[in-house]
Amino acid sequence: MTRKISMKQAINEALDLEMTRDPTVVVMGEDIVGGTGSPGEDDAWGGVLGVTKGLYAKHGDRLMDTPLSESAYIGAAIGAATCGLRPVAELMFIDFMGVCFDQIFNQAAKFRYMFGGKAETPVVIRAMVGAGFRAAAQHSQMLTPVFTHIPGVKVVCPSNAYDAKGLLIQSIRDNDPVIFCEHKNLYGLECDVPAESYAIPFGEANVLRDGNDVTIVSYGLTVHRAMEAAEALAKEKVEAEVIDLRTLSPLDWDTIIDSVERTGRLVVVDEAHPRCSIASDVAAFVGQNAFGALKAGVQMVTAPHVPVPFSPVLEDLYIPNAQSIAEAARRTLAPTGTSPRSIAA
Amino acid sequence: MQNERIKPIVMPKWGLSMSEGKITGWLKHPGSTVNVGDDLLEVETDKITNVVEAGDSGTLRRVLAEPGNVYPVKALIAVLADPDVPDAEVDAFVAGYAVPKGDDEEEAEAAPRYLFADTPAGTLRYAKRGEGGPTVLLVHGFGGDLDNWLFTIDALAEGATVYALDLPGHGQSTKTVADPTLAGLSAALRGFMDTVGIGPAHLVGHSMGGAVSMQTALDAPDRVASLSLISSAGLGREINHAYIQGFIAATGRRDLKPVLENLFADTGLVSRQMTEDLLKYKRLDGVDGALRALSAALFEGGSQASVLHEPVSAAGKPTLVVWGEQDRIIPAAHATALGPNARAEVIPNAGHMVQMEAAGKVNALLKEHIGR
Numbered sequence: 001m002t003r004k005i006s007m008k009q010a011i012n013e014a015l016d017l018e019m020t021r022d023p024t025v026v027v028m029g030e031d032i033v034g035g036t037g038s039p040g041e042d043d044a045w046g047g048v049l050g051v052t053k054g055l056y057a058k059h060g061d062r063l064m065d066t067p068l069s070e071s072a073y074i075g076a077a078i079g080a081a082t083c084g085l086r087p088v089a090e091l092m093f094i095d096f097m098g099v100c101f102d103q104i105f106n107q108a109a110k111f112r113y114m115f116g117g118k119a120e121t122p123v124v125i126r127a128m129v130g131a132g133f134r135a136a137a138q139h140s141q142m143l144t145p146v147f148t149h150i151p152g153v154k155v156v157c158p159s160n161a162y163d164a165k166g167l168l169i170q171s172i173r174d175n176d177p178v179i180f181c182e183h184k185n186l187y188g189l190e191c192d193v194p195a196e197s198y199a200i201p202f203g204e205a206n207v208l209r210d211g212n213d214v215t216i217v218s219y220g221l222t223v224h225r226a227m228e229a230a231e232a233l234a235k236e237k238v239e240a241e242v243i244d245l246r247t248l249s250p251l252d253w254d255t256i257i258d259s260v261e262r263t264g265r266l267v268v269v270d271e272a273h274p275r276c277s278i279a280s281d282v283a284a285f286v287g288q289n290a291f292g293a294l295k296a297g298v299q300m301v302t303a304p305h306v307p308v309p310f311s312p313v314l315e316d317l318y319i320p321n322a323q324s325i326a327e328a329a330r331r332t333l334a335p336t337g338t339s340p341r342s343i344a345a
Numbered sequence: 001m002q003n004e005r006i007k008p009i010v011m012p013k014w015g016l017s018m019s020e021g022k023i024t025g026w027l028k029h030p031g032s033t034v035n036v037g038d039d040l041l042e043v044e045t046d047k048i049t050n051v052v053e054a055g056d057s058g059t060l061r062r063v064l065a066e067p068g069n070v071y072p073v074k075a076l077i078a079v080l081a082d083p084d085v086p087d088a089e090v091d092a093f094v095a096g097y098a099v100p101k102g103d104d105e106e107e108a109e110a111a112p113r114y115l116f117a118d119t120p121a122g123t124l125r126y127a128k129r130g131e132g133g134p135t136v137l138l139v140h141g142f143g144g145d146l147d148n149w150l151f152t153i154d155a156l157a158e159g160a161t162v163y164a165l166d167l168p169g170h171g172q173s174t175k176t177v178a179d180p181t182l183a184g185l186s187a188a189l190r191g192f193m194d195t196v197g198i199g200p201a202h203l204v205g206h207s208m209g210g211a212v213s214m215q216t217a218l219d220a221p222d223r224v225a226s227l228s229l230i231s232s233a234g235l236g237r238e239i240n241h242a243y244i245q246g247f248i249a250a251t252g253r254r255d256l257k258p259v260l261e262n263l264f265a266d267t268g269l270v271s272r273q274m275t276e277d278l279l280k281y282k283r284l285d286g287v288d289g290a291l292r293a294l295s296a297a298l299f300e301g302g303s304q305a306s307v308l309h310e311p312v313s314a315a316g317k318p319t320l321v322v323w324g325e326q327d328r329i330i331p332a333a334h335a336t337a338l339g340p341n342a343r344a345e346v347i348p349n350a351g352h353m354v355q356m357e358a359a360g361k362v363n364a365l366l367k368e369h370i371g372r
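In the order they appear, the protein sequences are chains A and B.
In case it helps, our numbering puts the first sequence at residues 1 to 345.
In case it helps, our numbering puts the second sequence at residues 1 to 372.
It is possible that some hints are incorrect.
[What the hints assert, rightly or not] Here are the simulated DSS-like cross-link-like pairs (lysine-lysine), alpha carbons at most 30 Å apart as the crow flies:
id, chain 1, residue 1, chain 2, residue 2
1, B, K282, A, K4
2, B, K47, B, K13
3, B, K128, B, K317
4, B, K74, A, K235
5, B, K280, B, K128
6, B, K22, A, K4
7, B, K257, A, K4
8, A, K4, B, K74
9, B, K7, B, K280
10, B, K47, A, K58
11, A, K237, B, K257
12, B, K280, A, K58
13, B, K47, A, K4
14, B, K47, B, K28
15, B, K317, B, K257
16, B, K47, A, K235
17, A, K4, B, K13
18, B, K74, A, K237
19, B, K7, B, K28
20, A, K295, B, K257
21, A, K237, B, K13
22, B, K22, B, K367
23, B, K257, B, K13
24, A, K235, B, K28
25, B, K7, B, K47
26, B, K280, B, K28
27, B, K361, A, K237
28, B, K22, A, K237
29, A, K4, B, K280
30, B, K47, B, K361
31, A, K235, B, K22
32, B, K28, A, K237
[Unchecked claim] Covered by chain A, according to a simulated footprint, are these stretches of chain B (three or more residues, beta-carbon under 8 Å):
id, segment
33, 251 to 262
34, 271 to 283
[Stated by the list, open to error] Ranges between beta-carbon positions, derived for each pair:
id, chain 1, residue 1, chain 2, residue 2, range
35, A, R262, B, D194, 49 to 59 Å
36, B, K367, A, A334, 55 to 65 Å
37, B, P331, A, P335, 46 to 56 Å
38, B, P30, A, R275, 32 to 42 Å
39, A, K237, B, E310, 53 to 63 Å
40, A, L49, B, N349, 50 to 60 Å
None of these hints come from the bench; they were simulated from the model.
Computed from a predicted model, the values in this text were never measured in an experiment.
From the three backbone atoms N, C-alpha and C, an ideal C-beta is built for every residue, glycine too.
Just chain A, with the same shape it has in the complex (with noise of 0.2 Å):
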């Protein structure tokens, strides 16, 4: 049965189904219960967000609440991971991740490549993402492209509630860490969804609309930001094909090269910085591998290469929005030659 469900509710239903289903799994992170042991466990908090809320009294001591220590709790979850358990850490703020990068990048991601073959680390590391939340500097970055960049590590950043049911679910299912990045502006955003258990597979990014004339990618927030400027493209006659990633590592390559072949223009857009960013990835990809096909110059339409600001104002101003992809789409449509050499870090 289908239903319409928000973000968060989805998160929630991928955990308890494959907690239900599959006995090895268990969650852990810091107030992911939010209470345990107090009087009042079952209407405990449930994450920083609320988004564990009610697993613990389905699971009971599946879940734990760990320490205030990022670098400890991690290592648990890997360490529990090479040793049979199936565990899903929830880091709350994807900025924290500084503090246990050895056990991410150094032992996670390696185990499988060091032990030739032997190890599996099936663990995800779920961790909050993106600007808009009013959060500041350090609670707001979209660091997907620092993970995307590490061999052995899988980057998933799903833009909806039916792909983030669907996506953690494969998350759970897969033998390799996966770091699962959750937009906080799109908890409460609800589609359809089935009430079943449903695995995406990792590396098949989700054509949203077709169209001939200019390709946009994205992926998590801004994909509604690119959507939002097809529709007024289409008002000009001009009609987009908009291309959701889905997974970062791996990346659906194929789609993005069918897309541009046809049409001939591409605008990637990305909440990271510009510089090594998912962006300049998939633009030099292209560029590389489908530069006959190109008609004007790749454009990127990221943040800027400062921190989040604080300034509400500022923070507005500061994510991709709508206007600034139909423009960079204009862009590509424009004559050769004419375009204004667009702002660079």
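Could you slot chain B onto chain A? The hints should help.
Here is chain B on its own, set in the frame of chain A:
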């Protein structure tokens, strides 16, 4: 409207989920003479593109909907009238036209689009349209669901009570298929009829659903008023096994789309949304196992396990067989397997999904067969 010489043409509603449609092109132009059944225009929905046929005759006096634009279901898109109706009257009709609010919308508000029944075979999803008249039950094929009847269900419901279900392992029904043989599926179908309270019904089966319908006519003849077999399994050994295997194996849009193109004569009908809807189904836990079990029981080794035309001929139920001439899943040559015991119609320029690709013709045949 008071003037019966002026007839509105409105955006049709195909299937249970359609709320709007995009005009892709007009096949008749202002001033053209239109007869009932003429192709008027093409409409694209998020599921499929199809031709709208004229339900009335007259002269096409006004075309109000422009190609490329999207209009809600029931919106006035054109006007038919006799040539001698003055222009001023036609314009007044257009100006005064109000989209009927009517029972349909209240009904839609009150009743869910889809229903669920707890049957002995598990929870099955179904839809019910229309009241009174004969009872019709639509049974989809392998990998299909009740939305395969999106152009059929409302057309038949004009004069019948029509049910369509998702068989076990399909659509939004249980993914557990306890017995993947025709006998097992037929038992599940009868269990559904018992649970919902459906008496003897005209069974309309597509592909594997046709074989299930035939099996039901053999196992429980008192439950079956007539058979309508569309591109049906069970009338010969041949089947496109590469299609079955490809459908099961595909995990992504790029694998699945070329497989689905086998289903239609016009491969352009396989839209991104159709592919995506099927992927959403195939991703559900249990679907892969259900499809593999059905394939092993029904099509093992690349040929159909059950051929039922002899016992079905002997059973003597009124039977209609409809096929798309360009069927690439089950050959149209099977249409005549029942010989003189059935009416066989092979429709040109249509493939396996003939009830979608030539909906007007198939609906007319079904209405005639069920109505008699």
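>> Are any of the numbered hints broken by this structure? If so, which, sorted upward?
In response: Checked against the structure, the hints that fail are numbers 9, 10, 15, 26, 27 and 38, while the rest are satisfied.
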